[in-house]
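Student: Sequence:
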Amino acid sequence: PKGMSFNTYFQMSPNYPIERNLIHFLAGLTPKFIHRVYLADQTRVNLQQRKVPSLYLGCSSASSALVAFVVKYFLKRGKILWAPHSFQVDFFENKWRNSWRPLGNKNPLQKLLIWMIKKDLGSLDK
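For the sequence shown, the working numbering begins at 598 and goes up steadily by one.
Treat the hints with care, since some could be wrong.
[Unchecked claim] Simulated crosslink set (DSSO-like; lysine-lysine; CA at most 27 Å straight-line):
id, residue 1, residue 2
1, K715, K599
2, K692, K703
3, K692, K715
4, K629, K708
5, K599, K669
6, K599, K708
7, K648, K708
8, K599, K648
9, K599, K716
10, K599, K673
11, K692, K648
12, K716, K673
13, K648, K629
14, K648, K669
15, K716, K648
16, K703, K676
17, K715, K629
18, K716, K629
19, K629, K669
20, K715, K703
21, K703, K716
22, K708, K669
23, K629, K692
24, K599, K629
25, K676, K629
26, K708, K692
27, K703, K629
28, K669, K692
Think of the hints as simulated: they come from the structure by calculation, not from any bench.
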C-alpha cells in the first residue's frame with residue numbers, strides 16, 4: 598500500500614507508556630474527534646487496564662469499512678485514500694468528516710488534539 602506507515606502516522610512505540618500509545622491511537626483514528634461527546638463519562642475509561650467503552654455498532658461499522666477498502670484494493674475499483682487521509686462517521690449524529698493530516702500525529706493540529714484528549718482524560722501529567 599501507499600501512504601504513511603502505521604508507526605509514522607500514529608507516532609507510537611513499544612518503548613512508550615501504554616497510556617501514551619492509546620491516546621496517540623485515539624487521536625490518529627479520530628483526527629476530527631467528532632466522537633468527543635461520548636467520552637463524557639470518565640469513569641468508563643481506564644487506560645492503565647486498557648479499557649474504553651465501545652459500541653458494537655461502531656466496531657461493526659469499522660470492520661465493514663475495512664472490508665470495503667480491502668475489496669476495492671484487490672479488485673482495483675475506485676480510489677483509495679491512504680494515510681494521512683481519513684474519514685470518520687457518527688451514525689447517531691448523522692455526521693461524516695474527511696480529514697488530511699500530513700505528518701500524522703506530528704501535525705500541529707494533532708498535537709493540539711492529543712493535548713485535548715489528555716486534558717479530557719485527566720492524563721496531562723503522563
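Student: Are the hints correct? Go through all of them and say.
Tutor: Hints, one by one, checked against the model:
About 31 Å separates the Cα atoms of K715 and K599, which puts this hinted pair outside 27 Å; it is violated. Taking the CA atoms of K692 and K703, the gap is about 26 Å. The hint holds against a cut of 27 Å. Pair hint K692 plus K715 holds up; C-alpha atoms about 24 Å apart against a cutoff of 27 Å. Straight-line distance between C-alpha atoms of K629 and K708 comes to about 12 Å, which keeps the hinted pair within the 27 Å bound.
For the proposed pair K599 and K669, the alpha carbon gap of about 14 Å is at most 27 Å, so the pair holds. Between the alpha carbons of K599 and K708 the distance comes to roughly 24 Å, so the proposed pair stays at or under 27 Å and holds. This hinted pair checks out: K648 and K708 have alpha carbons roughly 23 Å apart, not beyond 27 Å. In summary, the hint linking K599 to K648 is not supported, as the alpha carbons are separated by about 32 Å, beyond the 27 Å threshold.
Distance restraint check for K599 and K716: the Cα-Cα separation of roughly 34 Å exceeds the 27 Å cut-off, and the hinted pair is therefore not satisfied. For the proposed pair K599 and K673, the alpha carbon gap of about 14 Å is at most 27 Å, so the pair holds. About 26 Å separates the Cα atoms of K692 and K648, which keeps this hinted pair within 27 Å; it holds. Restraint check for K716 and K673: not satisfied, since their Cα atoms lie roughly 42 Å apart, outside the 27 Å limit.
A hinted pair counts as satisfied when its Cα atoms are at most 27 Å apart, and K648 with K629 qualifies at roughly 22 Å. Distance restraint check for K648 and K669: the Cα-Cα separation of roughly 33 Å exceeds the 27 Å cut-off, and the hinted pair is therefore not satisfied. Proximity of K716 to K648 is assessed by CA-CA distance (about 18 Å); at most 27 Å being required, the pair is judged to hold. Distance restraint check for K703 and K676: the Cα-Cα separation of roughly 26 Å lies within the 27 Å cut-off, and the hinted pair is therefore satisfied.
For the hint pairing K715 with K629, the CA-to-CA distance comes to about 16 Å; that is within 27 Å, so the pair holds. Between the alpha carbons of K716 and K629 the distance comes to roughly 16 Å, so the proposed pair stays at or under 27 Å and holds. For the suggested pair K629 and K669, the alpha carbons sit about 25 Å apart, so the restraint of at most 27 Å is met. Proximity of K715 to K703 is assessed by CA-CA distance (about 16 Å); at most 27 Å being required, the pair is judged to hold.
A hinted pair counts as satisfied when its Cα atoms are at most 27 Å apart, and K703 with K716 qualifies at roughly 18 Å. At roughly 32 Å between alpha-carbon atoms, K708 and K669 are farther apart than 27 Å, so this suggested pair is violated. The straight-line distance between the Cα atoms of K629 and K692 is roughly 11 Å, inside the 27 Å bound, and the hint therefore holds. Proposed proximity of K599 and K629 is supported: the alpha carbons are some 22 Å apart, at most 27 Å.
For the hint pairing K676 with K629, the CA-to-CA distance comes to about 22 Å; that is within 27 Å, so the pair holds. Straight-line distance between C-alpha atoms of K708 and K692 comes to about 23 Å, which keeps the hinted pair within the 27 Å bound. At roughly 15 Å between alpha-carbon atoms, K703 and K629 fall within 27 Å of each other, so this suggested pair holds. A distance of roughly 23 Å separates the Cα atoms of K669 and K692; the hinted pair therefore holds under the 27 Å criterion.
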